[in-house]
Amino acid sequence: MWPAYQYDRFLPDRYRSFQADRLNSRITVCLLALSSVLLMSSHFMGDPITCWVPAQFTKQWSDFVNQYCYVHGTYFVSLNESLPYNESERRKIPINYYQWVPYILAVQAFLFYMPRFVWKSLISFSGYDLAGAIQYVDGFWSTVKTNDATFKARIAAFEGRASAYIWDGLRLARNKSSRDMALYYTISTVIQSVNAWLQVSVSNRKKPWSGQIRVFDALVQCVHRKKRRPGFTNERAVSETPSAINPFDTASLRPFMIREEYHGNTWGNRFQVTGHFPRITHCDFNRRRPASVQLDTVLCVLTLNIYYEKLFIFLWFWLFFVAIVSTMNSVFWIVSLCATSKVYLPYFCNFFAILPFFISNTLP
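If you read the sequence shown in full-length UniProt numbering, its first letter stands for residue 1, the second for the next number, and so on.
Simulated from the structure, these hints should not be mistaken for laboratory data. Wrong hints could be hidden among the right ones.
Said to hold, decoys possible - So the derived label-pair ranges between C-beta atoms look like this:
1) 120 - 41: 24 to 32 angstroms
2) 288 - 42: 27 to 35 angstroms
3) 30 - 293: 48 to 56 angstroms
4) 59 - 89: 13 to 21 angstroms
5) 41 - 114: 24 to 32 angstroms
6) 59 - 82: 30 to 38 angstroms
7) 82 - 287: 17 to 25 angstroms
Glycine included, every Cβ here is placed at the ideal spot set by N, Cα and C.
All chains should be modelled from the sequences, with the hints used to inform the complete structure.
Pasting the structure below:
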């Protein structure tokens, strides 16, 4: 078996310094958290839904209809089809996901931060203050870099103090039988990889024969406590409920569908026909009369779906990229951990020659 240290010769220098953990726990977390905050603010400071009410409605009635349809949810019926007379028949494609998208993005951000939290928790049991050592080395290297002009003098000063500090700390940790820092970090990389692929799998279609409700669909139904008719099984829910309830479960998020974005109105028309991220939906509400209850149906414009469409397409590609990078990083660390042998000793002797480069590229 080839030693794991030889694998990095096939990788460019720029990629060697690329940190998969920073991509997961910082960049992706900030991206998802920022998206969640911006979308949440649009729910309160903007007009997430606008319904076309009859002309005789006052402003109070119009505001009430907008709030009612936003909270209660709308349903999709293609404009190419006639609206069914039966109320339950036309509400078979409910659109309830848009209220919960900011919260789901926040949960995703939390899940991407979890591997970093696990790593910090595990390293606290190793007996070695890794964060303190890095901070000390970084501060000392900054001092050496400022005072010593030549690189050779910097390395000599660095090896004289910082290397001894690190080796003493590692020796103390070894005496405490805490030799599992590499294992702990490998576990965190595996968690990163698994989490990234799970995030991607949520955005993809479940097999129709799996007999399971989609994750996003199940979450929305759990929140709404949706009641099923007797005999309405999970298999029927998947087959009878179109994927419009779950925009993640669409071919529109597949890479080969992006070309439709650049062909006129094909992209927008497709969503209006299939119901994936629909801009125009319907909403029913009851209006009480002195002697009866009147059912009114209005058209509503979901402005948020314009942003959701572009955001989820971008997130699909981003999460796929993060999953690939995390998997490569995880495989590298697993191979490195399993291939540990005496052949590594000469390479550890040169560790301090590359440590300044490592610090300058990993510390914020």
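Comparing the hints with the structure gives:
1. Between residue 120 and residue 41 the CB atoms are about 31 angstroms apart, so this pair conforms to the stated range of 24 to 32 angstroms.
2. Evaluation of the 27 to 35 angstroms hint for residue 288 and residue 42 yields a pass: the beta carbon distance comes to about 32 angstroms.
3. Judged by the Cβ atoms, the range 48 to 56 angstroms given for residue 30 and residue 293 holds: they are separated by roughly 49 angstroms.
4. The hint said 13 to 21 angstroms for the Cβ distance between residue 59 and residue 89, and at roughly 33 angstroms that hint is violated.
5. Between residue 41 and residue 114 the Cβ separation comes to about 25 angstroms, which falls inside the hinted range of 24 to 32 angstroms.
6. Between residue 59 and residue 82 the beta carbons are some 31 angstroms apart, a value that agrees with the proposed interval 30 to 38 angstroms.
7. A beta carbon spacing of about 23 angstroms between residue 82 and residue 287 agrees with the range 17 to 25 angstroms that was offered as a hint.
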